[in-house]
Amino acid sequence: MSPRVTFPNKVLPYLLLAPQLAITLVFFYWPASQALYQSMLREDPFGLSTKFVWFQNFAKVLRDPNYLNSLNVTLIFAVATAVISMGVALVLAVMADRVVRGRGVYRTLLIWPYAVAPAIAGMLWLFMFNPTMGSFAYILRATGYNWDPLLNGNQAMVLLVSAAAWKQISYNFLFFVAGLQAIPKSLIEAAAIDGAGPTKRFWTIVFPLLAPTTFFLLVINTVYAFFDTFGIVHAVTGGGPGKATETLVYKVYSDGFVNLILGDSAAQSVILMVIVIALTAVQFRYVERRVHYG
Amino acid sequence: MAEVTLKDVRKVYPGNVEAVKGISIEIPDGKLCVLVGPSGCGKSTLIRMIAGLESITSGTVSIGPKVVNQVEPADRDIAMVFQSYALYPHMSVYDNMAYGLKNRGTPKAEIDARVKEAARILAIESFLDRKPRQLSGGQRQRVAMGRAIVRKPQVFLFDEPLSNLDAKLRGQMRIEIKKLQQTLGVTSVYVTHDQVEAMTLADVLVVMNEGRAEQIDTPIAVYERPASTFVAGFIGSPAMNLMKAKSTGEAGLDLAGGGSVKLREMSTPEAGRDILLGVRPEHMSPAPETDADLLLDVSVIETLGADTLAHGHVAGGKPGGGELVVRLPGSTRVNVGDRLPLSIQPGMAHLFDASSGRRI
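Chains as they are written, first to last, in this note's numbering: chain A, 58 to 351; chain B, 242 to 601.
Only chain B is shown next, with the shape it has when bound in the complex (with noise of 0.2 Å):
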């Protein structure tokens, strides 16, 4: 076991292409650490460099107390699941699992002994004589779960490795990932572009976005105070919405796009300044009309049974300007066109800066 330490990682391509712009991660022993972001963002590069497969051109990367900038992927004790499961496809599912602990001379009847294990506990026992190509997506998946585990190595990569399974399965999985690495109890860093699994599974969770880290932090602390826009953006579904707005001083936020909104126990930035506000679609609530701090004209409604997502615009706006979106109970009944009053919950508005984009 081992904590897994990035200190100011940067990685530039040939052309002078700057992957990853420097980004330093303390990932305690045991804990599993999702980097999410978008596709470019550098993630899959970092996780590459973590185990070895791509050179680091500057900052360190140990793992436990041992810097391993230089040492070969076969010396870093780690196992790493691809996306495409990336099985031996000329082996059998027992072989497949077996070949990394041959390779390092683990004597026969320990092989044996420690794949039969890993089968039994990703219950893929009944296939071990098959070959990859006669199983299904998700069996795949857990012979590629079952040949990292089998290896007992210091430190689980992730790359990615939900991404080509169907909803239900990939929900199923999501699950399993987190009960094994709970047991294990191995660090493990994760790459995803699923804000959902993102959230679910990590203890850590790094946001990136070209080559930078935006946010690390607990997820649920990337949920309640996103570092910036593009955070917020990208955790949480539907999308946080940002409205361009004028601080008022006291009296609340003008918005850009028409209306005006009070802030409720949140300090307002000094008057005059331009800011973005944003709220989550969860966080507003109908209200009486006199206590509504904004009015929408709802003009999509989704239904999705549990949820209502009630689309819209601001009253008293310009058309186009302050488009929002907000989750309602199930059981509201709303119709194309109303007037909907709708109260922000207190202290759960937040503000970033108009220009840098970075929470206030």
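Here chain A stands alone, though its shape is the one from the complex (with noise of 0.2 Å):
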């Protein structure tokens, strides 16, 4: 470990921390105290009264029906995304691992996607696969099958999870490859003199070794997808048919600057908040005793 900085000036360290501290104050804690503050007021049908009523919202919002199937749909949402992004991420960094020749030019082709706004990336699926003008509909539609994801709920959260995954793969690949990179090329070696095939090999060393990297996209592909994904969810189904694909952030989002139902909007993006904070305890608690190999 190097040595500690010491400055002799006491003043200097803070004046040195001040942007930074000043740009948190700004961005982060002056909004969240405005949404603590927020999710305690509860506003007149006029909006031209404003009472303090404690908790009231967010017991209200904890009972709603329509919360507890948004709940639902992020989680299903979430775990769907995580789990697919990351299966295929893992595939296709083992298969990138494998490639000698072009190496280069094959992992920069896919980590383009990673490039592309969320939003962006929900507007091309759904040219892709809107019923009235996508070619892929169209193809569904040809082999025989009924694709409606403006009807059906679930061919709509289908689509989003594609939407989303497909997005998030670059991200996860990167760090897969450069997890499957650090595992040392004579383990393999040995792995394979002690006879173990290569599917073997996979699931009983490699897939062990690259643990602390699979923990950390899981904790950051959940993150992603409850809150990253608002584009994509605006952009391709906007939270419909029905409230099949509404997910917690459009809830807030629909709840509060279309609904203008400001209390309970503020209410769950507490609860939000709440929730990225667990999130982000758990993955900081993992880094801080991650295991080192080797």
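Certain hints may be false.
Derived EDC-like pairs: lysine to aspartate or glutamate, alpha-carbon spacing no greater than 20 Å straight-line [as the list claims (entries may be wrong)]: (1) B:K393 with A:E246; (2) A:K257 with B:E313; (3) B:K393 with B:D336; (4) A:K242 with B:E313; (5) B:K248 with B:E313; (6) B:K393 with B:D316; (7) A:K242 with B:E564; (8) A:K257 with B:D336; (9) B:K343 with A:E246; (10) A:K257 with B:D318; (11) A:K257 with B:D316; (12) A:K242 with B:E401; (13) A:K300 with A:D285; (14) B:K372 with B:D336; (15) B:K487 with B:E401.
Restraint-style ranges between C-beta atoms, simulated for each label pair [stated by the list, open to error]: (16) A:V145 with B:K420: 49 to 55 Å; (17) A:R61 with B:D353: 46 to 52 Å; (18) B:I416 with A:V145: 52 to 58 Å.
Just so you know, the hints here were simulated from the structure itself, not pulled from any lab data.
For clarity, every value in this text was computed on a predicted model and none was experimentally measured.
Glycine included, every Cβ here is placed at the ideal spot set by N, Cα and C.
Taking the hints as your guide, dock the two standalone chains into a single complex.
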């Protein structure tokens, strides 16, 4: 460990920290405290008076079947997105690891989708699978499958998960490739001499050694599916049909900015904030005592 | 048990880099063959070809009567100890050793018996439950050995197994490997760049240079009759003194650096031939000035205790020419600036062709 830098000047360290602190204060603590405050307010229908109601908004939200439905939708969406994007990324990374010629090109191409904004990714998939003009939707229907995500909630969810997972695959791929490269080649060779075939080597040596990477990505992907997919939902389904794809983040938006139920929306966003803090805590706890192999 | 036979084995990497340029070795059953050479000489490539981790460009590798060129590493019935040990970091010592047996469907009771037996031999019974990262370098090395011996393979392959250990431990493990190999009687191939390991362990010593085998022989024969100047310089420490010289026929040799040497109990090449005279530092001894083959002006002295190394140049020579080192008994008292009369022990001079470097 490098020696700690010490400042003889008592003020300088604070001055150096000030810009970062200011940004955090303005863009996180202030809005967060506003949300906290708003979540305890209730306004009359005409917005003329505001009442402080303590935790009534939370109680109302948590009893609301629509909110519970949204929680359920989010869970399904998050788990499906994380599993699919990580699974596909792992398969691609393992295959990319075997490519010798043109591996740089191959990897670069696989990383590109990460540069696409969520809303754009959503639009791409919407165009491809839109029942009226999507070419893939046409193909699906041509095979006799009744494809209509505008009416069928499950199909809408499949479309949403596909778009969200597709975008995240690149990110996971990067980490898996790095994780695979960190595994010493001699371990694989030793396992080969020890009589383990490629499949067995993967499950008994490679996969356990990727565990730290996998866990890290699980947290990242869950957070992504929970919070960063607003753009995709908004572009592809708008939470519909019905409320079949209304995730928590999307409900915060629609209750707050469409339906203008500000108190409920603020209470929901506070709950979301608690969830993200909990997830981050789990992640940090893990990263702190992350296993160093070797 | 099986003998290992290499016939004209070649390895050419993409880009036409020839790493191994046709090597043939026969290792009798139960013997230990050491491949020694400087880095980049192709010794690791060669052992990896025997292991099946590298494809063989041409030639054949046989284990027992069977050519194994196309056989998977798992099916060659070999075990390998890697330089990095390559222990599975997420498995306990026990599981590391049992892994190869499990993969081959050995019954559980037998796995247990064999792992415990190997652990007993290597004195690692007390940390069978630990993970590799909780072990010291020497302990990891033992586990790597254990993983090799539980399998009871036909051939052991060692790829610089001791180079990550400190000097003292290296000396201990060297002796243990020798003992273990002799008790188990398993044919072994051992790669090292350390000439002490090479000399002490080998039944068959292969000195490699730039993808070729410079000499294949017993260690003592390699020491006593090095086939080329490369082998002469590589085996033995300090390295053999090599001096440019011209034969004067019966009279002996004129050193290019000045001075002359008489050869005793050796035939002298035809007069006028350019040669390299090789004399090991330990094969020159102080002599009365009248009997001296050459005089050494001492410039540096290294006192090692048991021995004293005297560096200098041949008296009467040009400065900078004819640098020599002599190993003297530790009790010898010499000083910088002394002129030391030396005689070459009879029959202990080596003559090499000046252009090809081959032994004459």
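Problem - Indices of hints not satisfied (ascending) - result: 7 and 15
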